[in-house]
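S.K.: Guided by the hints, dock chain Y onto chain V, whose structure is given.
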Amino acid sequence: MDNVLVSCEQADEFKVGNHVLHSRLILGTGKYDSFEEMRQAIEASGTACVTIAVRRERLHDSSGRNILDYLDADNLLLLPNTAGCYDAETAVRCARMGREILRGLENPGANWVKLEVLGDSRTLLPDPIETVKATELLVNDGFQVLCYTSDDPIIARRLKNAGATAVMPAGSPIGSGLGILNQNSLQIILEDLKNDDPDYPVIVDAGVGTASDVAIAMELGFDGVLLNTAVARAKNPIKMAEAMKLGVEAGRLARLGGRINKAKYASASSPDVGVITSRDPK
Amino acid sequence: MSDNKNKLEITVNGEPLVVDEGTTVTQLLARMQMNRRGIAVEINQQLEPRENHDHRIVEHGDWFEIVTLVGGG
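Order-wise, the sequence lines are chains V and Y. Mapping of the first sequence onto my numbering: position 140 corresponds to residue 140, and the numbering continues sequentially without gaps. Mapping of the second sequence onto my numbering: position 47 corresponds to residue 47, and the numbering continues sequentially without gaps.
Source of the hints: derived by calculation from the structure; they are not laboratory data. Glycine included, C-beta positions come from ideal geometry on N, C-alpha and C.
Here are the computed distance ranges between Cβ atoms for each label pair:
hint: 1; chain 1: V; residue 1: 187; chain 2: Y; residue 2: 16; range: 52 to 60 angstroms
hint: 2; chain 1: Y; residue 1: 11; chain 2: V; residue 2: 108; range: 30 to 38 angstroms
hint: 3; chain 1: Y; residue 1: 16; chain 2: V; residue 2: 90; range: 20 to 28 angstroms
hint: 4; chain 1: Y; residue 1: 54; chain 2: V; residue 2: 108; range: 20 to 28 angstroms
A short list of chain Y residues far from chain V (calculated; beta carbon distances all over 10 angstroms):
hint: 5; residue: 6
hint: 6; residue: 18
hint: 7; residue: 26
hint: 8; residue: 30
hint: 9; residue: 55
hint: 10; residue: 61
Quick partial rundown of chain V residues pointing at chain Y, CB under 10 angstroms, derived from the structure:
hint: 11; residue: 28
hint: 12; residue: 53
hint: 13; residue: 56
hint: 14; residue: 59
hint: 15; residue: 78
hint: 16; residue: 94
hint: 17; residue: 98
hint: 18; residue: 102
hint: 19; residue: 104
hint: 20; residue: 226
hint: 21; residue: 227
Excised from the complex, chain V in its bound form (with noise of 0.2 angstroms):
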């Protein structure tokens, strides 16, 4: 079974901007219970990558613990996000000290940046036209730039043709486990922005709630999922960690090999010459 894994994973690429990512699931560093807990949440997953928040440094706490240290740099590419930031401005510096973070790391993921403008604390729905903006700033200061967006289609165009190296609609709102609210329009994106350019990364980006959630956003089409709560606040996370990394894997592998028409009648799988047959027929 790891081998058939395996060997559709090498043929299977995910490629997002110029970085190749062996897992198609990358995971939020949020929430945990503890950095230890985290840590081994991420193990399990078997994600490539993981994305981080950029916030002030304490000033009176030099107890020197630092989420780097349990982080595997040298094997994890990190994403640097603009969490919390409400303007295209802010997400614009917010962006740039992650990149000189990241620089100083010498970690690849120096070149790109997860990008979040909220419009609204109660609903963290992106803020439209903000994010758009930044995407211009961002794209124009030579970041790559995954776009955390809204499940409208037009936007996901708008940020595509803004130079988006990835647009990435919610399922639901963040954190709320809600799974794919709303799959007809998750499907015009993806066609959409898929269409002349079947590569192009779509990756779902908050709202699960567990692996079959992410499996359907894998069968539906979507490159890979990104996701926190869902697994820094189940009971145990680091099973959580693994059912996701195999709720990715199915997806994906059932999305490969094609799922079958849906129809309203049956079709029975066994053939229908050879039945036997009564002595006495009625």
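M.R.: Structure of chain Y alone, referenced to chain V:
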């Protein structure tokens, strides 16, 4: 502490701070125990690349943001 150097008032991560005139960014970071890997410095909303930290002198009124990486999604 009772030297004759002039004092400058600056802001670091939203908090006021008094430093000696002539302090470099590198010295400021050392004093705040922030001179380690995994940080970035912005002065007056412009990124200050680490290669400038040794010679950039802190000026009165400078507004510093010193950031690091934290867990997030």
